[in-house]
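There are 2 protein chains.
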Amino acid sequence: MPNHWVHHPIDTPAVLVHQEILQKNIHDMAVFAKTYHLALRPHIKTHKIPEIARMQLAAGAVGVTTAKLGEAEVMAAHGITDILIAYPIIGKEKLKRLEELRKIAKVMTVVDGREQALELSQYANERNLQFEVLMEMDSGLRRCGVLPGQDALALYRELAELPGIRLQGIMTHAGHAYGATGIDQVREIALQEGTIMVETAQLLREADLAAPEVSVGSTPTVRISGQVEGVTEIRPGNYVFNDLTQIRLGVATQDQCALRVATRIVSKPAEDRFIIDAGAKTFALDQGAHGTTGVSGYGRVVGHPECTIARLSEEHGIVIVQGATKLQVGDIIEIIPNHSCPVANLTNEVHVVSRGVVSAVWKVAARGKTS
Amino acid sequence: MPNHWVHHPIDTPAVLVHQEILQKNIHDMAVFAKTYHLALRPHIKTHKIPEIARMQLAAGAVGVTTAKLGEAEVMAAHGITDILIAYPIIGKEKLKRLEELRKIAKVMTVVDGREQALELSQYANERNLQFEVLMEMDSGLRRCGVLPGQDALALYRELAELPGIRLQGIMTHAGHAYGATGIDQVREIALQEGTIMVETAQLLREADLAAPEVSVGSTPTVRISGQVEGVTEIRPGNYVFNDLTQIRLGVATQDQCALRVATRIVSKPAEDRFIIDAGAKTFALDQGAHGTTGVSGYGRVVGHPECTIARLSEEHGIVIVQGATKLQVGDIIEIIPNHSCPVANLTNEVHVVSRGVVSAVWKVAARGKTS
Numbered sequence: 001m002p003n004h005w006v007h008h009p010i011d012t013p014a015v016l017v018h019q020e021i022l023q024k025n026i027h028d029m030a031v032f033a034k035t036y037h038l039a040l041r042p043h044i045k046t047h048k049i050p051e052i053a054r055m056q057l058a059a060g061a062v063g064v065t066t067a068k069l070g071e072a073e074v075m076a077a078h079g080i081t082d083i084l085i086a087y088p089i090i091g092k093e094k095l096k097r098l099e100e101l102r103k104i105a106k107v108m109t110v111v112d113g114r115e116q117a118l119e120l121s122q123y124a125n126e127r128n129l130q131f132e133v134l135m136e137m138d139s140g141l142r143r144c145g146v147l148p149g150q151d152a153l154a155l156y157r158e159l160a161e162l163p164g165i166r167l168q169g170i171m172t173h174a175g176h177a178y179g180a181t182g183i184d185q186v187r188e189i190a191l192q193e194g195t196i197m198v199e200t201a202q203l204l205r206e207a208d209l210a211a212p213e214v215s216v217g218s219t220p221t222v223r224i225s226g227q228v229e230g231v232t233e234i235r236p237g238n239y240v241f242n243d244l245t246q247i248r249l250g251v252a253t254q255d256q257c258a259l260r261v262a263t264r265i266v267s268k269p270a271e272d273r274f275i276i277d278a279g280a281k282t283f284a285l286d287q288g289a290h291g292t293t294g295v296s297g298y299g300r301v302v303g304h305p306e307c308t309i310a311r312l313s314e315e316h317g318i319v320i321v322q323g324a325t326k327l328q329v330g331d332i333i334e335i336i337p338n339h340s341c342p343v344a345n346l347t348n349e350v351h352v353v354s355r356g357v358v359s360a361v362w363k364v365a366a367r368g369k370t371s
Numbered sequence: 001m002p003n004h005w006v007h008h009p010i011d012t013p014a015v016l017v018h019q020e021i022l023q024k025n026i027h028d029m030a031v032f033a034k035t036y037h038l039a040l041r042p043h044i045k046t047h048k049i050p051e052i053a054r055m056q057l058a059a060g061a062v063g064v065t066t067a068k069l070g071e072a073e074v075m076a077a078h079g080i081t082d083i084l085i086a087y088p089i090i091g092k093e094k095l096k097r098l099e100e101l102r103k104i105a106k107v108m109t110v111v112d113g114r115e116q117a118l119e120l121s122q123y124a125n126e127r128n129l130q131f132e133v134l135m136e137m138d139s140g141l142r143r144c145g146v147l148p149g150q151d152a153l154a155l156y157r158e159l160a161e162l163p164g165i166r167l168q169g170i171m172t173h174a175g176h177a178y179g180a181t182g183i184d185q186v187r188e189i190a191l192q193e194g195t196i197m198v199e200t201a202q203l204l205r206e207a208d209l210a211a212p213e214v215s216v217g218s219t220p221t222v223r224i225s226g227q228v229e230g231v232t233e234i235r236p237g238n239y240v241f242n243d244l245t246q247i248r249l250g251v252a253t254q255d256q257c258a259l260r261v262a263t264r265i266v267s268k269p270a271e272d273r274f275i276i277d278a279g280a281k282t283f284a285l286d287q288g289a290h291g292t293t294g295v296s297g298y299g300r301v302v303g304h305p306e307c308t309i310a311r312l313s314e315e316h317g318i319v320i321v322q323g324a325t326k327l328q329v330g331d332i333i334e335i336i337p338n339h340s341c342p343v344a345n346l347t348n349e350v351h352v353v354s355r356g357v358v359s360a361v362w363k364v365a366a367r368g369k370t371s
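Residue numbers (my numbering), protein chains in the order written: chain A, 1 to 371; chain B, 1 to 371.
Since the hints were derived computationally from the structure, they do not count as laboratory data. Just to be clear, a hint being listed does not mean it is correct.
Just so you know, same-sequence chains aren't split out, so a pair can sit in one copy or run between any two.
Simulated pairs of lysine-lysine, DSS-like, Cα-Cα distance not exceeding 27 Å [unchecked claim]:
#1 Lys34 x Lys106
#2 Lys363 x Lys92
#3 Lys326 x Lys24
Could you put together the complete structure from these sequences and hints?
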């Protein structure tokens with residue numbers, strides 16, 4: 001891999017997506033899903049780009065997952081018609097939007113508590129609708145989700161009896177894998193993720209409750225948890241781009257990272273300090289997903305191990321240089337970010353590169369759709 | 001101050017701007033500038049909203065400061081015609097854009113090294129143009145900027161001799177004040193900021209070099225450094241909104257914070273844990289400007305000291321509740337963020353509130369204009 005994907009000057013900062021690496025990442029995950037007879041429902045919150053969602057569907061995905069209703073609305077407006085919104089829907093404003101969205105797409109949402117379920121049920125029942133839902137499980141992230149065992153059984157039973165709701169099974173996101181020390185701990189978490197889900201599904205079925213879908217997520221864990229017998233669906237997101245966090249976890253190599261930031265050295269105010277024209281407004285302040293802090297610095301300068309991105313203010317990256325460097329003011333460098341998802345969320349568009357040139361510019365159509 | 005600015009349900013998360021507090025913050029800074037005979041050139045990177053820039057100009061600002069050329073282009077397109085781009089301009093692509101921008105607005109940029117200056121000079125000279133520039137000084141942030149004393153004198157002398165460049169003086173940003181322990185240290189940094197700049201200007205004038213502008217910035221320091229005799233211009237940005245960081249530094253009170261995030265409790269998966277529908281995609285991961293980590297948690301839940309925003313993933317805020325609370329799933333809470341600038345940068349629009357209702361929606365027109 002050369003240090004530079006783009007071989008001509010480019011207005012910086014620019015978020016680059018490598019077309020061939022992207023295509024290979026999408027292909028490889030589709031092959032994995034096919035091999036293990038899993039439905040692949042990629043999470044589009046990583047890219048938020050309809051063009052990439054379409055590539056994922058073309059490779060065999062059954063539909064997409066979105067983080068919010070707003071992202072789902074954008075995907076549906078771009079012709080994607082099978083969507084899981086992996087977030088509880090609460091409040092009249094959102095229920096109305098959900099009702100509208102159902103007119104143009106098959107939509108499923110999640111529930112992890114009775115308050116949400118009662119509101120959904122009442123709204124649907126009054127309008128003679130049926131909302132399809134998955135019950136969200138907590139497999140260790142301690143964010144949303146019902147705990148496995150009796151808690152899960154009790155809530156699922158309650159949900160199953162509510163009018164206006166059609167329960168489709170269970171889902172979880174083992175995001176705590178992002179805080180793992182390395183691949184061994186990732187495997188352990190992944191195995192637990194799959195096992196918890198399959199055992200819970202078993203518990204539900206023993207109580208004569210239908211739970212056809214057993215859906216797991218997360219790029220680090222999915223190639224392990226997806227192999228646990230009884231899991232039916234996987235929802236990885238980050239794999240399309242990968243990033244330094246996936247490298248740190250042992251889940252991807254640098255050659256599998258499809259997203260970089262091209263940035264320019266704009267100042268050299270001291271012998272050991274460069275300033276680049278990308279800061280927290282480009283890289284975000286992530287040192288790993290879910291607030292984990294597993295990597296040091298704010299990205300890897302490709303081909304320049306002498307450089308550490310030590311600090312970020314909003315529009316400045318402060319790069320500390322240790323030892324000799326050939327870099328000088330005006331040079332463009334390419335950086336693999338710690339976490340590619342917020343990078344895509346901060347930019348209005350990405351530059352698609354292929355064979356050294358920018359072949360397309362894609363709008364990040366669902367960026368900022370947090371509502 | 002009531003716990004809620006908006007007294008009716010609102011689709012969440014929503015970034016709220018309180019019209020009267022905003023207006024008062026703008027007024028107060030304008031009065032300060034007038035009292036001390038300072039030009040006020042507010043930094044619009046905090047809000048990125050033409051409507052607010054116009055309010056600042058109406059209150060007496062001489063023009064605006066922007067972080068990047070892209071922000072300046074948006075402001076100029078909205079009729080704002082006196083702009084300082086507080087960033088070095090490097091590369092042919094940007095020089096062309098700068099040349100275009102000069103046709104519709106009076107534009108000034110900054111330089112802190114000879115490489116940038118030579119490129120600007122050559123480009124301007126070939127086209128028979130004059131670019132107005134300020135020389136950027138390092139008053140302690142250790143980011144961009146020339147060190148005061150002989151370094152400053154030598155570079156300024158060199159710049160003064162270049163064709164195509166019209167030197168207008170010096171500027172600095174004492175952003176290291178954001179890392180201060182409290183108001184006493186802020187005052188110390190501010191006094192140093194003003195003194196360094198005035199002494200440097202004196203050094204230049206003793207060498208028969210014209211330096212009409214002596215421009216300082218930063219909301220925490222500006223009311224002190226602006227009073228140093230010889231400073232001519234102030235460029236505060238954050239003061240329009242303020243945030244928890246300004247409260248921590250002793251520079252603003254909660255009643256002076258004009259920006260909040262309205263977010264909804266969407267889940268209560270454990271007795272001591274709420275999940276809100278705003279995460280790092282709304283609040284960013286800032287614990288203070290310039291990567292400082294002065295505040296704990298990710299925002300203040302107004303009226304609910306029992307709540308701590310302990311973790312953020314992209315779309316989830318994990319709130320830990322200590323002791324009793326009346327809050328429940330479905331409730332909307334309002335949160336003062338740690339750092340208001342990235343919050344405005346992440347949202348596509350802000351909801352202006354006045355007397356309990358949303359009176360306008362303003363587009364964050366210059367958001368994401370990092371190039």
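Structure-based check of all given hints:
1. Lys34 x Lys106: within (22 Å within a copy, 60 Å between copies)
2. Lys363 x Lys92: Answer is between; shortest inter-copy Cα gap is 24 Å, intra-copy 30 Å.
3. Lys326 x Lys24: neither (33 Å within a copy, 51 Å between copies)
Checked against the numbered hints above, the structure violates only hint 3.
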